[in-house]
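Trainee: Below, each chain spelled out in residue letters.
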Amino acid sequence: MRAMMKVLAVLSCLALLMTAVPAAADDSFNLERDGFSTSYTYNYDYWGDAQASPDAYRVSKVIDSVSLGLDNLGGTRIRKAQSLFVKGQELYVADTGNNRIIQIRMKGDDFRVERVISEAAGTIEDYTHAENYYNKTKEYEAKIAQTLNAEKALAALQDPSRDQLASDEEIAKATTDLEEARAAEETAHDEAMTAEENAKAAGCRIWQYEAWKKNDEGAVSTFFNAPNDIAVDEAGNIYVADTNNNRVLKMDKDLNVIWEFTKPLDATFDQSISFLPNKLVVDVASRVYVLCVNVNKGLAKFEEDGTFSGFIGANAVSINMAEYIWKRYFQTKEQRAASESFVPTEYENICIDKDGFIYATNTIFSEYDLKSDSAKPIRRLNSLGNDILIKNDRYPPIGDQWWIQESTQNGPSRFTDITVLDNDIYVAVDRTRGRLFGYDSQGVLLWAFGTKGNVDGAFTGAVSVEHVGYSLLVLDQLKNNITVFTPTEYGSMIFDAINSYLQGQYDQSAELWDAVLRMNANYPLAFRGIGRAVLRQNDFQGAMKYFEMAHDRENYGRAFKLYRKEWVEKNIWWIILIVALLLIVPLVIGRMKRMKWEVVMHEHSKVRK
Amino acid sequence: MSIAKSVSKPAKAIKAESRKAWWKNYASSLRYSLYVITHPFDGFWDLVHEKKGSIAAAHTFLFLFLLTRVLKLMLTSFQFISAPIQHLNIFEQALSLLLPFLVLCLANWAMTTLFDGKGRFKDIYMAMCYALVPYVLLQLPMILVSNMLTFEEGSFYSVFLSVSVIWCVFLVFVGLMEIHDYGPGKTFIFLIVTVVGALVIIFLVLVFFSLLSDAIAYFISLYREIVYRLY
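Heads up: the protein sequence lines correspond to chains X and R, in order.
Under this note's numbering, the first residue of the first sequence carries the number 1, and numbering increases by one thereafter.
Under this note's numbering, the first residue of the second sequence carries the number 1001, and numbering increases by one thereafter.
Just to be clear, a hint being listed does not mean it is correct.
[Unchecked claim] Computed list of lysine to any residue pairs in SDA-like fashion (alpha-carbon distance at most 25 Å, straight line):
1) Lys253(X) - Leu70(X)
2) Lys561(X) - Leu1138(R)
3) Lys565(X) - Phe1156(R)
4) Lys561(X) - Asn1147(R)
5) Lys1072(R) - Tyr563(X)
6) Lys545(X) - Ala52(X)
7) Lys565(X) - Gln541(X)
8) Lys545(X) - Val1070(R)
9) Lys565(X) - Glu1153(R)
10) Lys371(X) - Leu1088(R)
11) Lys561(X) - Ala1083(R)
12) Lys545(X) - Val534(X)
Hints are computed from structural coordinates only; laboratory data are not their basis.
Chain X with its partners taken away, still in its complex shape:
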């Protein structure tokens, strides 16, 4: 009975403790969950907790239809704009809802509409000229052939080796034919020349007609239909992803159509689906990479001459082991057909850096794959299409570290666009919480800022981000405006520190990091930067201190190794002394004991005698 009571008491104690433990565990970790930082700008510390930080960027200007004066230019306001593109001082906005492109010239703080591109140059009139020229050329070619035939016929008649000599009438007739043909050729030549001059005067070229003819309807639509993206190459040619026209339009800087990329008639392109180019980038060699809707093979690559040369960078199929077993062995055929199959997902957006690597963002993933980094929401694709993004931080670049699971309002960060600054710092814009995340080339979070809302600096539907120098431009498709962010003193100091480190000016970099640290003591990168400089000055212990604060194990190990060497060299005599003592003392004691024992034994033997 007593034993039973004892057991019961122990059990109830255990149970009490068990109920207490999870409650206690909950308590200690619920700080700053879901990335709900109360601060506008923040970054994550080593433990993944959001740490408030000074603002790295502030809103310098918000550009909308009114400030651009678009009300006065035909009165159409920006509607559902999808993309931004910056080339030099030109800013292009794909005003998708209005089927047009707006070209804006930036001059410091001044943004002025340069032109509104609502159609490619070359009207139907131009095409009639082109067509005329084309027809006349063909006619001229036909006339040349006729002349040649007539010449041949005459030569045949006059051939002396003939069995039967031709009559004079026949020869006379052939000669007249030839003369007529020559005259017709002359006329056709003149007509063709005139047609060419006319066509040139109208500013169109023969390829326009060919492009036009290629289309079954007999005309290239010069108008856009839902242009979702725009890009400009080095030569100033403009590329438009004209989504609902199923084409990518390549125009020169005066908007003359150069080429039209339509659905590739290639076995690798599924012919049953329509070609809906959504996003595009152009590299230095004028190769065009197109992200198409409903295509999951990666980016369609077009050469400069418009030929399709395959897909690159297909998203790997992510197979969940449990899901696979469930689908393969437990579902019926009908269930399997009804449920989605294992297919790779499409990218959300793409961007090209100065070295020609394509940065792609991906928003379709399982949120459980994020922290293990199998989702890879940001990728850097090389020419083979492999992801070569460097990730040297504790956490992969996934945006917010904490979020409410399985919720449409919150959930993980989903990057709708990305832009790469000149020093390989990349900035991705998150549509879930309207935030911008900046990462350095090593994948370390520099800052995160932004929120949802209607005030300046908050977004409701951020879709695109671009940069001009260190300024960031963010397009909001619901507010239909562009927010211009410029770095604050704190933000530019971080950039300067990184740049001077990359340029090899380590001491200057350390000074800048020190200044950053004065503004934000929770900045691991700054500790690391100072640690590196201190290590270069051979202050190992100081470097260890800074690296420990930055939780930088590799560098700490490096500093510690040097410190350990120095310490051993300095204290070598003490070490030898201690080791010697440890070895000699027991030896001496043993010897003494034996001597004592021998003496005793000797005494004993004496006694016995």
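Could you slot chain R onto chain X? The hints should help.
Mentor: Just chain R now, kept in the frame of chain X:
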């Protein structure tokens, strides 16, 4: 008076002697752990059957094990461990090891009693505590060693950690085999059964407490109802 004095004196002496004997026994049972971990087959048999071990020593080892665990979290060089110290509660950490340990001992005892295991709960507890000794012996010095190593030399550190854990698992296995007088196959099966048993225990405890809290809530609401009616 004189009689009382003469009686009390030897009684005190006896008490002092027995205390001395207890300390001696305690010390020898502590020392015996070194024999157990190096000769587990003989060691565990004699531990129980020859009364070479003591519960006091077992308590000591368990305490040292928990202490090692906590010290490891606190003092290991940050290069080798990433414990969020600002979030940690050392009692929580200790309990998160102690409770599963006790529940597993209990489950093992409950299961093996039904299938002619020779060990009593006390024996099982004692053997399990002695099996934790390598963990303490290896990991405690490794805390110090970790502060003398760099990140690149980490393999040296991790090898010792794995050795300590593998050694402990081996000792647990052999210990249970010797205590219950089982064969290796049966011991292995009962290791799995023990885990299942532990889950059942946890389930029952949770059900018990949820029912208890419901019952308490019932009586509280009943009391409130009565109070409302009366006033």
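Trainee: Now tell me if each hint is right for this structure.
Mentor: Hint-by-hint comparison with the structure:
1. This hinted pair checks out: Lys253(X) and Leu70(X) have alpha carbons roughly 22 Å apart, not beyond 25 Å.
2. Simply put, Lys561(X) and Leu1138(R) have alpha-carbon atoms about 24 Å apart, close enough for the 25 Å limit, and the pair holds.
3. Restraint check for Lys565(X) and Phe1156(R): satisfied, since their Cα atoms lie roughly 18 Å apart, inside the 25 Å limit.
4. A distance of roughly 11 Å separates the Cα atoms of Lys561(X) and Asn1147(R); the hinted pair therefore holds under the 25 Å criterion.
5. For the hint linking Lys1072(R) to Tyr563(X), the alpha-carbon distance of about 23 Å falls within 25 Å, and the restraint holds.
6. For the given pair, Lys545(X) sits about 23 Å from Ala52(X) by alpha-carbon distance, which is consistent with the 25 Å threshold.
7. Using a Cα cut-off of 25 Å, the hinted pair Lys565(X) and Gln541(X) holds, with the two alpha carbons roughly 12 Å apart.
8. For the hint linking Lys545(X) to Val1070(R), the alpha-carbon distance of about 24 Å falls within 25 Å, and the restraint holds.
9. Between Lys565(X) and Glu1153(R) the alpha-carbon distance is near 14 Å, which keeps this suggested pair within the 25 Å criterion.
10. A distance of roughly 22 Å separates the Cα atoms of Lys371(X) and Leu1088(R); the hinted pair therefore holds under the 25 Å criterion.
11. For the given pair, Lys561(X) sits about 23 Å from Ala1083(R) by alpha-carbon distance, which is consistent with the 25 Å threshold.
12. Restraint check for Lys545(X) and Val534(X): satisfied, since their Cα atoms lie roughly 10 Å apart, inside the 25 Å limit.
The structure agrees with every numbered hint stated previously.
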